[in-house]
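Residue numbers (our numbering), protein chains in the order written: chain G, 1 to 371; chain C, 1 to 96.
Please note that a few of the clues may not be correct.
With the C-beta cut set under 7 Å, the calculated list includes, among others, these residues of chain C facing chain G [said to hold, decoys possible]:
| id | residue |
| --- | --- |
| 1 | GLU6 |
| 2 | SER27 |
| 3 | PRO31 |
| 4 | ASP32 |
| 5 | ILE89 |
| 6 | PRO90 |
Don't read these hints as lab results, they were simulated from the structure.
The beta carbon of each residue, even a glycine, is placed where N, CA and C say it ideally should be.
Here is how the chains run, residue by residue.
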Amino acid sequence: MATRRTIESNEPNDRSGGSLRSRGTEMATAAAQKAAETEPGGAGSTAARAAEQQAAFDEAVAADERIEPRDWMPDAYRTSLIRQIAQHAHSEIIGMQPEANWITRAPSLRRKAILMAKAQDEAGHGLYLYSAAETLGVSRDELLDKLHSGRQKYSSIFNYPTLTWADVGAIGWLVDGAAITNQVPLCRCSYGPYARAMIRVCKEESFHQRQGYESLLALSRGTQAQHEMAQDAVNRWWWPSLMMFGPPDEESSHSEQSMTWKIKRHSNDELRQRFVDICVPQAESLGLTLPDPDLKWNEARGHHDFGPIDWTEFWDVLKGNGPCNDQRITQRRRAHEEGAWVREAAAAYATKQAGAPRADTAATAHGEATA
Amino acid sequence: MSSSTEWPLWEIFVRSRRGLSHTHAGSLHAPDAEMALRNARDLYTRRSEGVSLWVVPAAAITASSPDEKDSFFEPAGDKPYRHPTFYDIPEGVKHL
Numbered sequence: 001m002a003t004r005r006t007i008e009s010n011e012p013n014d015r016s017g018g019s020l021r022s023r024g025t026e027m028a029t030a031a032a033q034k035a036a037e038t039e040p041g042g043a044g045s046t047a048a049r050a051a052e053q054q055a056a057f058d059e060a061v062a063a064d065e066r067i068e069p070r071d072w073m074p075d076a077y078r079t080s081l082i083r084q085i086a087q088h089a090h091s092e093i094i095g096m097q098p099e100a101n102w103i104t105r106a107p108s109l110r111r112k113a114i115l116m117a118k119a120q121d122e123a124g125h126g127l128y129l130y131s132a133a134e135t136l137g138v139s140r141d142e143l144l145d146k147l148h149s150g151r152q153k154y155s156s157i158f159n160y161p162t163l164t165w166a167d168v169g170a171i172g173w174l175v176d177g178a179a180i181t182n183q184v185p186l187c188r189c190s191y192g193p194y195a196r197a198m199i200r201v202c203k204e205e206s207f208h209q210r211q212g213y214e215s216l217l218a219l220s221r222g223t224q225a226q227h228e229m230a231q232d233a234v235n236r237w238w239w240p241s242l243m244m245f246g247p248p249d250e251e252s253s254h255s256e257q258s259m260t261w262k263i264k265r266h267s268n269d270e271l272r273q274r275f276v277d278i279c280v281p282q283a284e285s286l287g288l289t290l291p292d293p294d295l296k297w298n299e300a301r302g303h304h305d306f307g308p309i310d311w312t313e314f315w316d317v318l319k320g321n322g323p324c325n326d327q328r329i330t331q332r333r334r335a336h337e338e339g340a341w342v343r344e345a346a347a348a349y350a351t352k353q354a355g356a357p358r359a360d361t362a363a364t365a366h367g368e369a370t371a
Numbered sequence: 001m002s003s004s005t006e007w008p009l010w011e012i013f014v015r016s017r018r019g020l021s022h023t024h025a026g027s028l029h030a031p032d033a034e035m036a037l038r039n040a041r042d043l044y045t046r047r048s049e050g051v052s053l054w055v056v057p058a059a060a061i062t063a064s065s066p067d068e069k070d071s072f073f074e075p076a077g078d079k080p081y082r083h084p085t086f087y088d089i090p091e092g093v094k095h096l
């Protein structure tokens, strides 16, 4: 359910990129960068060096090379990436909640095992992405803190409730389907660690979509009541799924710069159109309809036309007024707080085992890397 | 939400099957090496992607600096004769 959610955030760019610190290998970049910038040499040479660095960066992006953590990059590029990757990571872990709602009530052991595997994948995707964000010089704690205090967003799609079992299928098909449409181009994103995380995510995501489709198909071909339940779920998830691509191009505040930096490869509207075109025949095979009377093939365009999206609803949910905004963030905070003793105990145990005063230095004892 | 207990970072290397070397897969936080291994198993080998794992404290890795990029790797730049394609061999000569 990995959703790229840059465009959804209408808050001003956060300043997470400002508090850079050294965090191990890939993460040593930021500190090295800062040190380099403050070396003596006079204003003239500093300016010349800055221009040189900018030119090297522009050249690399233009040549479709990847930017790696230890490379120089413009502050705004760093900040923009942190915002986007963090929002993406948050979406993954918040996205576990609507589906977890049905784990205990899955209709069969098979479906339950599948749903648990999927929820575990979402946690994994969150972790890949948090790691990618950390290479830019933010800490995990800082990122979680921003999620919990509402300073960073997650995808609005997860603020809708999962009312019936069919919603699990509809999420797999439509929400994960929209996410995949968004994410496949991100595998070629200009920032190396993000692109690599997306490749892993995309590999795993297609299972999510297929299990959803299969589950909906079973319902659609089942009893009249099951068919209606499947149709109802599709009716409720269709429009929010289209909103996942973000506002129309002309209103998307971050899009243009992200395209220039090759973080994004396609516009919101382009990806939305692609998704609609993919879904129409899939709905037919399911024996279900999409809730849009204006949806029809346009021969001249070679695409499906579709009806207007209710952007008032989108902005309203984004502002916090969706059906589940409070529930999602409250549950996330509670899970974090209630897990505090586990984190503390593990750190204390590690410290004790290593006989060292701090957990940070406790990590050297064994020689695992001899396998 | 204090940062006092943030676990150290580990770099994870996975051997995907016998006969191949360990390859960097990503990183994770864990309180100690044993937990890092367990977390790495759950995070990077959920679909049988590995037969062996290395976990290395990220802080223990020394990396070349990007500022050294030019001078550090420069010595290899003007030695094309280290590559087999440098040499002209007449057509028809085999096994060379």
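For each hint, the structure was consulted:
A distance limit of 7 Å between C-beta atoms decides the matter here; for GLU6 of chain C the minimum to chain G is near 5 Å, and the interface restraint holds. For the restraint placing SER27 of chain C at the interface with chain G, the shortest Cβ-Cβ distance is roughly 5 Å, inside the 7 Å limit, so the hint holds. With 7 Å as the threshold, the beta carbon of PRO31 of chain C comes within range of chain G, its nearest partner Cβ sitting at about 4 Å, so the hint holds. Interface hint status for ASP32 of chain C: upheld, as the beta-carbon distance to the closest one in chain G is roughly 4 Å, under 7 Å.
Using the Cβ-Cβ criterion of 7 Å, the hint placing ILE89 of chain C at the interface with chain G is not satisfied: the shortest such distance is roughly 33 Å. Of the supplied interface hints, the one on PRO90 of chain C is violated, with its beta-carbon coming no nearer than about 37 Å to a beta-carbon of chain G, more than 7 Å.
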